[in-house]
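Student: Next come the chains, spelled out residue by residue.
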Amino acid sequence: MAKTLYEKLFDAHVVHEENGTALIYIDRHLVHEVTSPQAFEGLKLANRKLWRPASILAVPDHNVPTTDRSAGVAGISDPISRLQVQTLDENCATYGVTEFKMNDARQGIVHVIGPEQGATLPGMTVVCGDSHTSTHGAFGALAHGIGTSEVEHVMATQCLVQKRSKTLQVLVEGELGLGVTAKDVALAIIGKIGTAGGNGFAIEFAGSAIRGLSMEGRMTLCNMAIEAGARAGMIAVDDITIDYVKGRPFSPKAELWSAAVAYWRTLHSDADAQFDAVVTLNAADIQPQVTWGTSPEMVVGIDGRVPSLDMAKNEVQRADWERAYVYMGLEANTPINAINIDKVFIGSCTNSRIEDLRAAAAVAKGKHIAPNIKLALVVPGSGLVKAQAESEGLDQIFIAAGFEWREPGCSMCLAMNADRLEAGERCASTSNRNFEGRQGQGGRTHLVSPQMAAAAALAGHFIDVRTFN
Amino acid sequence: MQAFKQINGLVAPLDRANVDTDAIIPKQFLKSIKRAGFGPNAFDEWRYLDHGEPGMDNSKRKINPDFVLNQPRYQGASVLLTRENFGCGSSREHAPWALEDYGFKVVIAPSYADIFYNNCFKNGMLPIILSPSIVDALFTQVDASAGYQLNVNLEAQTITTPGGEVYTFEVDAFRKHCLMNGLDDIGLTMEQQDKIKLFEQKHQLAQPWLFK
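Those protein sequences? They're chains E and V, same order as listed. Residue numbers for the first sequence, in our numbering: 121 to 589. Residue numbers for the second sequence, in our numbering: 142 to 353.
Because the hints were derived from the structure by calculation, they are not lab data. Please note: incorrect hints may appear among the correct ones.
Pair by pair, the computed Cβ-Cβ distance ranges are [claimed, not checked]:
1) V:Val307 / E:Leu376: 58 to 66 Å
2) V:Gln345 / E:Asp363: 22 to 30 Å
3) V:Asn322 / E:Lys433: 38 to 46 Å
4) E:Asp392 / V:Ile204: 58 to 66 Å
5) E:Lys433 / V:Met321: 36 to 44 Å
6) V:Glu306 / E:Lys433: 26 to 34 Å
With a straight-line Cα cutoff of 20 Å, these simulated DMTMM-like cross-link-like pairs (lysine to aspartate or glutamate) come out [said to hold, decoys possible]:
7) V:Lys175 / E:Glu210
8) V:Lys338 / E:Asp131
9) E:Lys286 / V:Asp313
10) E:Lys169 / V:Glu186
11) E:Lys169 / V:Asp335
12) E:Lys123 / E:Glu375
13) V:Lys343 / E:Glu137
14) V:Lys175 / E:Glu375
15) E:Lys494 / E:Glu524
16) V:Lys175 / E:Glu161
17) V:Lys343 / E:Glu127
18) V:Lys338 / E:Glu210
19) E:Lys494 / E:Glu542
20) V:Lys336 / E:Glu137
21) E:Lys283 / V:Asp313
22) V:Lys317 / E:Glu137
23) V:Lys203 / V:Glu186
24) V:Lys353 / E:Glu375
Idealized CB from N, CA, C, for every residue including glycine.
Using the sequences and the hints, build the whole thing.
Tutor: Below, the structure is given as structure tokens:
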């Protein structure tokens, strides 16, 4: 029978299935400092051991400072953050887990380093106590976020209790315009189906525009599947996937490489596979996107305006929008390109890879941030991305343009460390969530692509990167 | 995990759609390495007028009198009535931990985000899905009568209003079984360890590169 990619991946990992509940085997478990301490503690209390320590790769990313780290973990000024990072270090040492510690050159955001190391491979099941684990689906993997109880469950049993998701195919056909990125595609999809549109579904992104994306772009897109409500997003394996994976530290070596590739080539939906739902977008219609409100679905094109209440689809949305106007300090019908900003954040598991930094640097080159910009941060996704960017001189472009060039981590995407917005401050951010308080209590977040963030930094307000310059 | 069978609970209404887990428990409290103690910081940014940080004495903070859960009539609530897509965003299990620690045993909404929904069951909490029109009706009833309580019976899969109306809800049989008996998932899965080992051997033969 013809199968979707999701069905192939799920079926290949079923240990046991009964009455619609399956036990599925997990190949890769990524761990960070925020959602793991209680899981390790649970193991300890129950006197359980790790089922397969080699399946785990750990890294501190949420709490780490992005400024000077020369004093090591002891130098983290917030004592509670410091304890959490120390606890990860101790747990990994106790349980024999591979960890890239804070000052390891390979440290970075968990969803950047997994693929970078080849620790994420096509065909894998990948979990992490973090909702943006959907990122790894870009490799034709079944990847999704889990809670801490499930982190403990996977540690102890190498398995997860799962029900099968419904399948949603999102087709993006045609060619993206110049200056339109995977981030804009993700936001346009969320604008169309809503943040609950993917609830209960695993999304497969397909179509010629998706096939045309680099792996970095595909990761950005799958990363935001969760913002559409879908735990998992995925894209079929092709040459672009295989070329990216080849030669990475954890990738299969010579003798196993061809066998692996032969299997990976089967990781696509069969031509006549049936999806439970299909949504289609025309790539040429997608503009650079800017969110205006407090949910990723509150999004419009750069040519657009803050929508008015009469455009709301029902009473619930009307109430949501009214609250969002107040929180965001915006009125209906305000043109997006008339919105001034205070801070800029280029980073996060959505947009902190080398391609993102190159794109932002290309916009910023030879220019300077506007006088009203209080802070413009560039936070590379990993130590290796940072080193690569520096070897290309991107750091110097950013610094000359007035941006700060920082150490890798989650940073102002969720502001668990010192990088944050103050109340009322407005930010152009390449991250993934514009919820109330996400980047700091009272902070106002507008989600954009790296190019659009860089252009906004230079102009001091949102501006169409396609005509900027 | 504590077993859940049946409760009579005071209902508190949170009339917002898309309540995200950042709102349920803001990020600064995620620095804790413990599972307990998140209740006083549930909905922190809505609930208090000042900015909350871990380690503060919450009893000394200024509460926001406009926030619905702060109203005297909803103190002691154990049923949270809310709108669609509740618990969206981050996978943080600190969200159900915070709600549970606050005192909620049941959430009622037209829909939930998948990860949050799943996390509730791991913590002895029952997330119930009812149709938008029933949820609407419940909001009206809660608003109209102080001390409004619902009887939630997991075994019968029913909710009974003070007026005697009975609504049924769906819940997955396996999740229901675990919740009613307070069963530890890990213990149950460990009973299948022979199957897991067998699968692992087969999997390693088929994809040896995964085990290098």
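Student: Would the hint linking lysine 286 (chain E) and aspartate 313 (chain V) be met if the CA-CA limit is 20 Å?
Tutor: Judged against 20 Å, a Cα distance of about 16 Å means the pair holds.
Student: Regarding the pair lysine 343 (chain V) and glutamate 127 (chain E), is the alpha-carbon distance no greater than 20 Å?
Tutor: holds, 19 Å
Student: Going straight from one Cα to the other, do lysine 175 (chain V) and glutamate 161 (chain E) come out at no more than 20 Å?
Tutor: holds, 9 Å
Student: Taking 20 Å as the top limit, are the C-alpha atoms of lysine 317 (chain V) and glutamate 137 (chain E) close enough?
Tutor: Holds: lysine 317 (chain V) and glutamate 137 (chain E) sit about 17 Å apart, inside 20 Å.
Student: Take the C-alpha atoms of lysine 338 (chain V) and aspartate 131 (chain E), compute the straight-line distance between them, and say whether it is at most 20 Å.
Tutor: holds, 17 Å
Student: Run the distance test for lysine 169 (chain E) versus glutamate 186 (chain V): straight-line Cα separation, threshold 20 Å.
Tutor: violated, 38 Å
Student: Take the C-alpha atoms of lysine 175 (chain V) and glutamate 375 (chain E), compute the straight-line distance between them, and say whether it is at most 20 Å.
Tutor: violated, 45 Å
Student: Does lysine 494 (chain E) pair with glutamate 524 (chain E) here, judged by a C-alpha cut-off of 20 Å?
Tutor: Holds: lysine 494 (chain E) and glutamate 524 (chain E) sit about 11 Å apart, inside 20 Å.
Student: Against the range 58 to 66 Å, how does the distance between the Cβ atoms of aspartate 392 (chain E) and isoleucine 204 (chain V) compare: consistent or not?
Tutor: Given about 59 Å between the Cβ atoms, the range holds.
Student: If you draw a straight line from the CA of lysine 338 (chain V) to the CA of glutamate 210 (chain E), is it 20 Å or shorter?
Tutor: Not OK: lysine 338 (chain V) and glutamate 210 (chain E) at ~28 Å, beyond 20 Å, violated.
Student: Taken at face value, is the distance from the CA of aspartate 313 (chain V) to the CA of lysine 283 (chain E) at most 20 Å?
Tutor: With Cα atoms ~10 Å apart, lysine 283 (chain E) and aspartate 313 (chain V) stay inside 20 Å; holds.
Student: Lysine 353 (chain V) and glutamate 375 (chain E) were given as a pair; does the straight-line alpha-carbon distance stay at or below 20 Å?
Tutor: holds, 12 Å
Hint compliance for this structure: hints 10, 12, 14 and 18 are broken, all remaining hints hold.
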